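A.B. asks: Residue numbers (numbering that gives the first Met the number 0), protein chains in the order written: chain A, 0 to 168; chain B, 0 to 100; chain C, 0 to 625.
Worth double-checking, as some hints may not be accurate.
Taking CB as the label site, the calculated pair distances span [stated by the list, open to error]:
#1 B:Asn96 x A:Asp111: 38 to 44 Å
#2 C:Leu617 x B:Asp93: 30 to 36 Å
#3 C:Leu592 x B:Ile91: 35 to 41 Å
#4 A:Val140 x C:Leu578: 54 to 60 Å
#5 B:Gln94 x A:Leu18: 25 to 31 Å
#6 A:Glu141 x B:Asp93: 48 to 54 Å
#7 B:Trp53 x C:Thr593: 43 to 49 Å
#8 C:Gly559 x B:Gln94: 55 to 61 Å
#9 A:Gly158 x C:Leu21: 56 to 62 Å
#10 B:Ile91 x A:Leu18: 21 to 27 Å
#11 A:Val65 x C:Ser582: 51 to 57 Å
Covered by chain C, according to a simulated footprint, are these stretches of chain B (three or more residues, beta-carbon under 8 Å) [unchecked claim]:
#12 23-33
#13 87-96
Every beta carbon over 10 Å from chain A, so not counted as near; a handful from chain C, in silico [unchecked claim]:
#14 Pro386
#15 Pro458
#16 Trp515
#17 Phe536
#18 Pro554
#19 Thr594
Worth flagging that the hints you see were computed from the coordinates, not collected in a lab. No experiment lies behind these values; they were computed from the predicted model shown. All C-beta atoms in this analysis are idealised placements derived from N, C-alpha and C, irrespective of residue type, glycine included.
Spelled out from the first residue to the last, the chains are:
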Amino acid sequence: MASLLFYILGFIMLTATLLCITRRNPVHAVIYLVVGFFALALMFYLLGAPLVAAWEVIVYAGAIMVLFLFIIMMLGLAPQELPEGPNWHRWGPLVLLSSSLMACTLLLIFQDPAATEIIGTYYLAPQELGEALFGRYALAVEVVSFQLLFASIGAYMLGRSLPKEDDES
Amino acid sequence: MMIPFGHALAFAAALFILGLTCVLARRQIIMILIGVEIMLNAASLVFIAASAYWQQADGQVFVILLMAITAAEVAVALAMVVYLWRRKKTMIADQFNGMRG
Amino acid sequence: MSQTLLFLIPLLPLSCAVINMLFGMRLPRLIPETLAICGVLGAFLLTILFWGYAEGEGTRAVLGTWLSSGSVDVSFALCFDKLSAPMTLMVTGVATLIHFYAIGYMRDEVDYARFFSLLNLFVFAMLAIILADNLLILFLGWEGVGLCSYGLIGFWYRKRENAKAGTKAFLVTRVGDVFLGIALLWLFALTGTLSITEINAQAEMISPGIVTVLTLLLLVGACGKSAQLPLMTWLADAMAGPTPVSALIHAATMVTAGVYLLCRLFPLVSLSVFGMAAIAGVGAITALYAATCALAQREIKRVLAYSTMSQVGYMFMAVGAGTVSGAMFHLLTHAFFKAVLFMAAGWVIHLAGEENDIFRMGGLAKNGPKELFWIFLAAAVCLAGVPLTGGFFSKDGILLALFTEGTLLYKGYWLIGVFTALLTAFYTFRLVYLVFAGEPRGEGQPHAVPALMRWPLWPLAVLGLAGGLLNLPAMVGGGESLHQWYGKLAGRQVTASHDLEWLLIALATGIVAVGWLLAHLRYRSYREPLDNSVSRFLLAGWQADAVVDRLLVRPFAAMGRFCSAGCDRTLFDGTLEGLVKLSGRWSGLLLQLTTGRLTTYLSAFAWGFLIMLGWFLLKLVNGGGH
Chain A
0 MASLLFYILG FIMLTATLLC ITRRNPVHAV IYLVVGFFAL ALMFYLLGAP LVAAWEVIVY
60 AGAIMVLFLF IIMMLGLAPQ ELPEGPNWHR WGPLVLLSSS LMACTLLLIF QDPAATEIIG
120 TYYLAPQELG EALFGRYALA VEVVSFQLLF ASIGAYMLGR SLPKEDDES
Chain B
0 MMIPFGHALA FAAALFILGL TCVLARRQII MILIGVEIML NAASLVFIAA SAYWQQADGQ
60 VFVILLMAIT AAEVAVALAM VVYLWRRKKT MIADQFNGMR G
Chain C
0 MSQTLLFLIP LLPLSCAVIN MLFGMRLPRL IPETLAICGV LGAFLLTILF WGYAEGEGTR
60 AVLGTWLSSG SVDVSFALCF DKLSAPMTLM VTGVATLIHF YAIGYMRDEV DYARFFSLLN
120 LFVFAMLAII LADNLLILFL GWEGVGLCSY GLIGFWYRKR ENAKAGTKAF LVTRVGDVFL
180 GIALLWLFAL TGTLSITEIN AQAEMISPGI VTVLTLLLLV GACGKSAQLP LMTWLADAMA
240 GPTPVSALIH AATMVTAGVY LLCRLFPLVS LSVFGMAAIA GVGAITALYA ATCALAQREI
300 KRVLAYSTMS QVGYMFMAVG AGTVSGAMFH LLTHAFFKAV LFMAAGWVIH LAGEENDIFR
360 MGGLAKNGPK ELFWIFLAAA VCLAGVPLTG GFFSKDGILL ALFTEGTLLY KGYWLIGVFT
420 ALLTAFYTFR LVYLVFAGEP RGEGQPHAVP ALMRWPLWPL AVLGLAGGLL NLPAMVGGGE
480 SLHQWYGKLA GRQVTASHDL EWLLIALATG IVAVGWLLAH LRYRSYREPL DNSVSRFLLA
540 GWQADAVVDR LLVRPFAAMG RFCSAGCDRT LFDGTLEGLV KLSGRWSGLL LQLTTGRLTT
600 YLSAFAWGFL IMLGWFLLKL VNGGGH
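Let the sequences and hints guide you as you build the complete structure.
C.D. replies: The structure is reproduced here in C-alpha cells:
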C-alpha cells in the first residue's frame, strides 16, 4: 500500500514539475511547483523522514516559494504578456538532450546491483535527527548559519536603492 | 516500504533532469532559479532515499543543511533579480550579455 | 681576533665613500672633504700599525662566508703578506697625498660629494685587489676599479668627449676583464678553489700547456687594466678626467693592478716559459710604442699618460724576466714620481691658464714659482732615469734582469728596453724644456694655486728621488732590501758580475746623457713642432684608434646594423607579427563562442555533462559491470 502510494506521489510530483516548467506565467509555475513540493514532502515522509517532510512544506513550499511569488508580483511580471514560452524550435534539441541524459542516468542507476535492492522500513525520530544535527554536525550548522548571515547582508546590499551613476542604459 | 532503491533514484533523476531542462530552456531569470530549486530538491530526494536505504540519519541532516543553504542562495539570487530588474527593466537572461568577448 | 681589524683598511675608505654618497651633498663642504681624507689617511695609518702582520708568511683574516655552495666556498678573506703590505702602504700613502691635492684642485667644483665618494670607492676597490685572498674578491675589486675610473674619467660628463673617454676606458678594460674572468673560472675548474695561496700551491699540478693558456688569459686581463698593447687606447683619452684622478688612477694605482695581478699569481705564471716571454714581449713592445708616441704629443698630460704606459711596460718586462721584486720596485718608485709629475702638471696647467698644450707654455722656470720647477725636475729626472734617482735604480734592475736572463729573445727585449730608455730621457727633457725654458708663449692668465696643491708634492718628490734606497743593489753598498723583504715571493735572484753591472750602469748613464743632449739641442731654444707624416702618426698614437675603429668598431657596427635590419626587424619582428595576426584571427573565431549569454554557457555545460555520463556508461559496458 505504502509502495503504491509512493509511486502515485512520484507521478504527481513529476507531472506537477513538468507543468511548472512549461508555464508561460511565472505565478502559475510557482503554484505548480508548490504542488510538486507537497508530493515530494510526502515521499520524504514515506522514506522515514517526518521532520524533513515537515520542513519541506514549511521552508520550501511555505517560505521560499512565497518569496518567489512575492518577487514576481513586486516586479509586476505576472500581468504582462511574457515574451516567451515553450516553442518547439527551442525546446526540440533540449528534449533530445534531456531524454538522452535521462536514458544514460537510468542505465547507470540500474546497472548497479544495489538498485534492485529493497529499501527497508525506516523511521528516524525527530529527536535522533536533532542529536545528529547538533552533535556530529554542529560545526556544519555553524558554518551554514554564517552563510545565512552573509547572504542576508548580501541581499541587503543588493537591495538598496541604486546610486545614480550606476544607472546606465 | 517495499520499493527498490533504484526506483527512488530514478524519480530523483527524472526530477533533476526536469529542473535542468527548465534551466536550459527558459530565458526568464525567475524560471531559471525555479529550475535550480527543482534540481536541489532532486538532490534532497536522493539524500533521503539513501538515508532510508542505509538506515542512517546523515542523509537527512544533509537535507536540512541543504535547505538552509538554499534559503541563503534564494535570498541573494532574488536580491540580484531585483537589482537587475532595476538596471535593465527586463527579466530575460540573454539581455545580460555584458561578458561577451 | 685582532686580525679581523685588518678589514678596517679597505672598509674605512668604503664607509667614508658610502657616507659621502648618501649625505655628502647635504653636508657643508668641509665634512665630505674631511671624511674622504680620513678614510684614506686612516687606512694608511692602519697599514703602518698592522705592519707586523705581514712578517713571515703573512696574515690571513676571515670576516665570514660570502658564498658557499657545494665545493665553492668563498669567504670575505684578506691576505696581508709581504707582497700586499708594501703595495697597500704605497696606495694608501699616495692616495692620501692625492686626496689633499684634490681638495685644493676641486675647490670650485660644485659636485664635490660625487667626486670624493668615487675617489674613496676607488681606493677601496684598489685595496680589495691588493688584499684579496681569493680571486673572486680580487675580481670584485678589479671591476670596482673599472667602474670608479669610468665615473672619474667622465666626471665632467656634461662635455661629451669626457663621457666618451670614460665609456671607452670602461669598455676597453672590460675586454681584458672578460679574459681575466675566463682565467678565474678555468682556474677554479682545475683546482677547485679560488684561494690565491692554494692556486699557487697547486700550480705545478696543472699541465704545462694549460698553464701557458692561463698565463696568456691573465696577461690579456692585466693588459686591459694596465693599458698594454693591444688594449692601450683608453689611457691617453682617460686624461679627460680631473688631474688628481689622472694622478691617482692612471699613474700610481690602477694601471699597476695588472702588474700586481701577475706578481700575485707569479708561482703559476712563472711555470710557463712561453707565457713569461709573452709577458715580457708585450711589455717591451708597449714600452717602445708608448715612448715613441710620447715623443710627438702636444698635451702635457698625454705625454705623461704615454710615459706611464711605457713605464708599466717596463714592469711587465720585469715580470717576464722573472723578477717580482724588480717589478714591484719599479712600481713603487714609478708611483711616487709619476704622481708628482701629474700633480705638478695640474699645477702647471693652472699657471698656464688652463692651457694643456706644451707648445704654448714655456718660461715657467723664470715666471713660475721656483718650488714647482724643482719638484717637476726632481720627478722628471726620476722618469728619465738619471743616475742615483729611484727611477734609475729600478729601471736598471729591470734591464739587468733582462740581460742576464740568458736567451737571445730576452737580449732583444733588453735592447728594446735600452732604446726605450733613450726615448724616455729625450721626451722627458723635451717636456721640461718646453714647459720651463724660454719665454711664455701662451695667452692664458695664471690662476692662483692653493697651498693644498703644493705641499703634497714634496714628500712624494723626495720619495721618488730617494726611492733607490728601497732596493739598493749590493754593488753600490745596498742590501737589496726589497728583494730580501719579499723572500720567497721575490722571484728570480738576479746575479751578475760586478763588471757587467758597472758596464750596464755606465751604458744607462750614457743613454740618459745622450737623450738629454738631444733634447737640449733640439728644444733649448723654442722651435715650432714638426708637422710631417711621422709626427702626425706618432701624435695619433700610431693611429691605434683608427685601427681599432677599422678592425673592430666598424665591422661590429655593420654586424649590428645587419642584425637590427636583417634579423631583428624582418625575421623576428615579421615572424612575431605574423604570429600575432594568426592568433588574433583564431581568437576571433573562439571569440564568437563567448556570447555572453547565460543560456549558451549552460547548455554547453549540459552537453558536456551528457558526454561525461555517456563516457562512464561506455566504460561500464566495456568493462563489464564493475
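A.B. asks: Given the range 43 to 49 Å, decide if the beta-carbon distance of Trp53 (chain B) to Thr593 (chain C) lies inside it.
C.D. replies: At roughly 44 Å between Cβ atoms, Thr593 (chain C) and Trp53 (chain B) fall inside 43 to 49 Å, so the hint holds.
A.B. asks: Any Cβ of chain A at or closer than 10 Å to Pro554 (chain C), or is the non-interface label fine?
C.D. replies: holds (63 Å)
A.B. asks: Would you check whether the claim that Thr594 (chain C) is not at the interface survives, using Cβ distances to chain A and the 10 Å cut-off?
C.D. replies: holds (15 Å)
A.B. asks: Okay, Gly559 (chain C) versus Gln94 (chain B) on CB: inside 55 to 61 Å?
C.D. replies: holds (58 Å)
A.B. asks: At 10 Å, judged by beta carbons, does Trp515 (chain C) keep clear of chain A as stated?
C.D. replies: holds (94 Å)
A.B. asks: Report holds or violated for chain C covering the stretch 23-33 of chain B, Cβ cut-off 8 Å, minimum 3 residues.
C.D. replies: Since three or more residues must qualify, the claim that chain C covers the stretch 23-33 of chain B holds, with 3 doing so at under 8 Å.
A.B. asks: Starting from the range 38 to 44 Å, see whether the pair Asn96 (chain B) and Asp111 (chain A) falls in it by beta-carbon distance.
C.D. replies: Since Asn96 (chain B) and Asp111 (chain A) have Cβ atoms about 42 Å apart, the given range 38 to 44 Å holds.
A.B. asks: Should the hint that Val140 (chain A) and Leu578 (chain C) are 54 to 60 Å apart at their CB atoms be regarded as holding?
C.D. replies: Distance hint for Val140 (chain A), Leu578 (chain C) holds at roughly 56 Å.
A.B. asks: I want to verify a distance hint. Is the separation of the beta carbons of Ile91 (chain B) and Leu18 (chain A) within 21 to 27 Å?
C.D. replies: At roughly 22 Å between Cβ atoms, Leu18 (chain A) and Ile91 (chain B) fall inside 21 to 27 Å, so the hint holds.
A.B. asks: Just want to verify: Pro386 (chain C) was marked as not at the interface with chain A; is every Cβ pair farther apart than 10 Å?
C.D. replies: holds (96 Å)
A.B. asks: Could you see if the CB distance from Gln94 (chain B) to Leu18 (chain A) stays within 25 to 31 Å?
C.D. replies: 27 Å Cβ-Cβ, so the 25 to 31 Å window holds.
A.B. asks: Over 10 Å to the closest beta carbon of chain A is the bar; see if Pro458 (chain C) clears it.
C.D. replies: holds (80 Å)
The structure fails hints 3 and 6 (numbered hints given earlier, in ascending order).
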